[in-house]
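> Top to bottom, those sequences are chains A and E.
Going by the working numbering, the first residue of the first sequence is number 1, and it counts up by one from there.
Going by the working numbering, the first residue of the second sequence is number 1001, and it counts up by one from there.
FYI, nobody ran anything at the bench for these hints, they're computed from the structure.
Among the hints, erroneous ones may be present.
[What the hints assert, rightly or not] Listed below are the simulated EDC-like cross-link pairs for lysine to aspartate or glutamate, each with C-alpha atoms no more than 16 Å apart in a straight line: (1) K1164/E with E1097/E; (2) K1203/E with E1135/E; (3) K1203/E with D1435/E; (4) K1164/E with E1185/E; (5) K114/A with D1170/E; (6) K114/A with E1185/E.
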Amino acid sequence: MSEDLPLTAEDIAEIVSIIEASPYRELDLATRRFRLRLARGDGAEAGFTQEWQWAGSAPEAAAAAAMHAADPDAVAAPLPGTFYHAPQPGAPAFVTVGDVVGPETVVGIVETMKLMNPVHAGRAGTIADMIVPNATMVAKGQPLIRLA
Amino acid sequence: MIRRLFIANRGEIALRVIRTAQRMGITTVLGVSSADAASLPALMADEVVVIGPGPSPQSYLAIDKVVAAARDTNCDAVHPGYGFLSENAAFARALAEAGIGFVGPDIATLEGMGDKLAARALAQEAGLPVLPGGEAATRAAVHTRAAEIGYPLLLKAVAGGGGKGMRRVDRAEDLDSVLDMAQAEAQAAFGNAAVYVERFVAKGRHVEVQLLGDGTSAIHLGTRDCSIQRRFQKLVEEAPAPAMPKAARAGIEAAAVCLARHIAYRGAGTAEFLVDATDFSFYFLELNARIQVEHPVTEAITGLDLVEQQLLVASGKPLTLTQAMVRPLGHAIEVRINAEDPEADFRPAPGRIARAAWPAGPGIRVDTHIAAGGEVPPFYDSLLGKLIVHGATREAAVGMLQAALANLVIDGVPTTTGLHRRIAADPRFALGGVDTGFLPGLPA
Chain A
1 MSEDLPLTAE DIAEIVSIIE ASPYRELDLA TRRFRLRLAR GDGAEAGFTQ EWQWAGSAPE
61 AAAAAAMHAA DPDAVAAPLP GTFYHAPQPG APAFVTVGDV VGPETVVGIV ETMKLMNPVH
121 AGRAGTIADM IVPNATMVAK GQPLIRLA
Chain E
1001 MIRRLFIANR GEIALRVIRT AQRMGITTVL GVSSADAASL PALMADEVVV IGPGPSPQSY
1061 LAIDKVVAAA RDTNCDAVHP GYGFLSENAA FARALAEAGI GFVGPDIATL EGMGDKLAAR
1121 ALAQEAGLPV LPGGEAATRA AVHTRAAEIG YPLLLKAVAG GGGKGMRRVD RAEDLDSVLD
1181 MAQAEAQAAF GNAAVYVERF VAKGRHVEVQ LLGDGTSAIH LGTRDCSIQR RFQKLVEEAP
1241 APAMPKAARA GIEAAAVCLA RHIAYRGAGT AEFLVDATDF SFYFLELNAR IQVEHPVTEA
1301 ITGLDLVEQQ LLVASGKPLT LTQAMVRPLG HAIEVRINAE DPEADFRPAP GRIARAAWPA
1361 GPGIRVDTHI AAGGEVPPFY DSLLGKLIVH GATREAAVGM LQAALANLVI DGVPTTTGLH
1421 RRIAADPRFA LGGVDTGFLP GLPA
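Next up, chain A with everything else stripped away, as it sits in the complex:
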């Protein structure tokens, strides 16, 4: 797989030096596997940037997950991650159906990039439905809990 490869940082530096000494402002290179654009920024002192695009990367499915209909009665995930009902395995859930909560009540946590982020109810109400089961991957904005 390595035949059509990737230029090293030294290769990029060398190409930039060549463009710099030429009358050209940019190089746009496309192969079956990648497209590389090396371009000078605006302004006299501006340096160069490298922009890569790779064939076969960028899963389409992930981007689609971001859209969720706004549900005014639902507590939405503040960021994508894994939604947990309890602070740790085996511990009692933060809230259960029927609990009365205030805006600042912690109703769950979303683990994102190894950090635990509390989810607050956001408004006063009563827990009507735990929409998402414990330890489920959720997208940003996905409804987690319905309030009544």
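Following the hints, put chain E in place on chain A, whose structure we already have.
Okay, now just chain E, sitting in the frame of chain A:
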């Protein structure tokens, strides 16, 4: 001899290892989670195996799955990168039992250095200075230690790393509540609640020494300064440590080599020290028995490929480098571009990268797995890439860093780019030698 190398990691470091291994004629097999199946390292590796779903406990941290994947793909050795299983003695042992090599130190070294208290004891045996403090198995013992060394002090997880389970205590009346938090955090992060006590140095710098050993001899590749941190995690690293007398640097380097020789260290490792910014006295903190995120600044000034050195040592070859052959040149600075929001307490921000224009040109190196359309999954750490500049002097390097950061554009997620621009423009940073209190005191 390594012919087929299994890479048990992801992101920029997986790509970094693949590049060097392929250059050395080694076939690379990358074990990925399903969340990374379309990532750039997966495109670049010669072969790819999906070892499990996104969450790392079921993929990158699952020892049985990783070992089985390496065995089933007939790999001779595993490169663990950093984080995940890189310093896990049980993993190295499972590989040994399966007849697969581990690109890293001996199991005994991993065991000795994984326990921070044992590491402290080994360093003391080797004659290195350590901070006042030590073991405190019970609450009463913690109080006794605290009374001995005074406030402020640090509570640190015995099994620690990455700042988790590490807490500062300013007053005796806070000790109990902070101890509870530190133990809970240590339990959650490492499955071991034990903590120990250490004196807190108010004006401290974080200086580390890159080591290379083959089990018989050991050399150093100079210092790195990593004092600019948030939540005890590094954001900016440079080599060599700036604004420090030559003799102070040499003393730290010699101490690190003493430790490496004492434990017959094999492979690439890093000895971390806390240096008092006022008088340059230094104390051993820990030894990281793996490649570090910030290794490129050392590569820039030494001209060496550290991953290549790791692979050579792991192949059973003795070091061909001697201390006299290491001639550092110029000054290098690395900044970590993370997908997180510095305006919102560095909250991590996974998502999709709409555009990634990284700086390019002489003296600039970018280590990244992120290009336009790249996905930052919510399961792992927030590192998007590292920008490394190398200049003839520190002043030149700071100027290059400012110019490069001005050109850097990442669209789609918030990043630390703006914060790095402010750091690079700060007169104290330009002067060099800032302490670990620099970032909290940075003007907005």
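> Evaluate each hint against the coordinates.
Do the hints match the structure? See the list:
1. K1164/E with E1097/E: 31 Å, violated
2. K1203/E with E1135/E: Judged against 16 Å, a Cα distance of about 24 Å means the pair is violated.
3. K1203/E with D1435/E: With a Cα-Cα distance of about 6 Å, the restraint between K1203/E and D1435/E holds, given a limit of 16 Å.
4. K1164/E with E1185/E: 7 Å, holds
5. K114/A with D1170/E: 27 Å, violated
6. K114/A with E1185/E: Cα-Cα ~12 Å, so holds.
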